[in-house]
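Chemist: Here's the letter readout for the chains.
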Amino acid sequence: MTTLLRADGLSRTYKLPRTGVRSEKSVRHALVDMNLVINEGDKIGIVGESGSGKTTLARLLLGLDVPTTGSVSFLGDKLPLPDMRQFRRQIQVVFQDPRSSLNPRMSVEDIIIEPLECLGVEESHSARIEEVLSAVGLSHEMRSRYPHELSGGQRQRVAIARALAPRPRLLIADEPVSALDVLVRDEILALISDLTANLGLTLILISHDLSLIARLCDDVVVMQDGVAVERGKTTEVFRAPSHAFTKMLIASVPRLPTGQ
Amino acid sequence: MTLLQVRNLTIRFGHRVVVDDVSFELEAGQRLGIIGESGSGKTLTSLAVIGLLPDTAAATGSILLDGQELMGKSDREFSSIRGNRIGMVFQEPLTALNPLMRVGKQIAQPLRIHRGMRMTAAIARAAELCARVGLPDPERVVRSYPHQLSGGQRQRIGLAIALACSPSLLIADEPTTALDVTVQQDVLKLINDLVRSEGSSLIFVSHDLPVVSSMAERVAVMRSGQVVELAAVNELFGAARHEYARMLVDAARRSDDDFIRVSERGRK
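If you read the protein sequences in the order shown, they are chains A and B.
Under this note's numbering, the first sequence has 68 at position 68, and the numbering climbs by one with no breaks.
If you count the second sequence from 1, you need to add 260 to reach this note's numbering.
Rather than coming from a laboratory, the hints here were simulated on the basis of the structure.
No false leads were slipped in.
Short, incomplete list of chain A residues facing chain B, as computed with Cβ under 8 angstroms:
#1 V182
#2 L183
#3 D186
#4 H208
#5 L210
#6 R215
#7 F238
#8 V253
#9 P254
#10 R255
#11 L256
Glycine included, C-beta positions come from ideal geometry on N, C-alpha and C.
Taking the hints into account, I'd like the entire structure generated from these sequences.
Modeler: In structure tokens, the structure reads:
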């Protein structure tokens, strides 16, 4: 099995502004000594509360941020690579809020073309747009629309289409549905699930929602204050959590009444 | 005894109808959930009850609190009700609290206005309320500013302010949406305990069906300004009549099933 991405002893600290004239500058350890191996075809969930370092990890894996210590390697080569374009073609991301991740002044077509052009993808751009639009369930007419003319769910579909356009092998989804309404959330989850299955995509899903991880991921990493406190097969971790924090997370999932 | 009676409430912005002929009743001590997507009118409905609709909104219909008409009351008249007989907790405690005022003073405000308490007495009472909402070291908390507290602590302050004058009705609008899941559970439990022990009624507004069903006895499902279903929680989960309500229940059920399947945790 090919190892796509690998994080070794990954740490990231941020300097905080000093709180008084004489006080020392303090640092925040956003991520501490993270090791992660992502093999082709893996579906890994990263779960934790706000401030636990989930998004910092995603940024480092994407090469959008530089680790304080440790390294990320892509197919055995350490980041940054001399030519990052191959890397960026193969690793794409979907962010939480499509309102802020889509450029409001670009049409859907331009939004999807942009990565194809930037990353020097050779194939016909127009044909590829059609392909990815139909893959995410958007009609041909959407090409000329602007983000403000779309609903929240449609916008997130465009963001997914853009991520798929350069034919990535790994998709990182950072809270992809938490800005969406409940029913729309369901559709987008089904879409992500279908796409990863049909295209054989490797998936890293970042979320605070355990039921979402349960639905889509085979493996899970539980994070607390920048540290991976527990990891393993999703079924095993959720059935028999060993760390106190994981137990607390699982106990906090709101339950439904049975109804007669 | 009927505490709140909303009849044919309609809210317009210009020609756009955002709340359309909504009616519901709330008995004293009863807990009602309002659920819907963003833009379904659930927040505007609750704002109408507490008289905080924006000036650009035009509302018609009738809202009776203990038989007294609230609709059309002036802001001045409303101010004797708001924070006194009706308390409200908002979604984002950081924006709902005044960042420049110590939280003790903010909790003291309704006590001074509605109960005519003196500052020192009101601050002392504020510390008691802090303890009541489960904040450790209340003497220190009342002297701190909102930015010095965590999200969950801030929401507890919001709750202390809303409950300071023992209102007969508490409105909570997405009170835990901005909080982490582990904190959410604590705050929900706190709201539940406080409402029960005070004997207040509750209107709990949220987009999250599992949360609403754990907090309320009856649920109003709203969609594009209308109440499409109003039923007891058990009825809703057993046999929702309206298609949209059924879709919501199914979606919640699916994610619940996913979780059960993986965690194999028996239903309570």
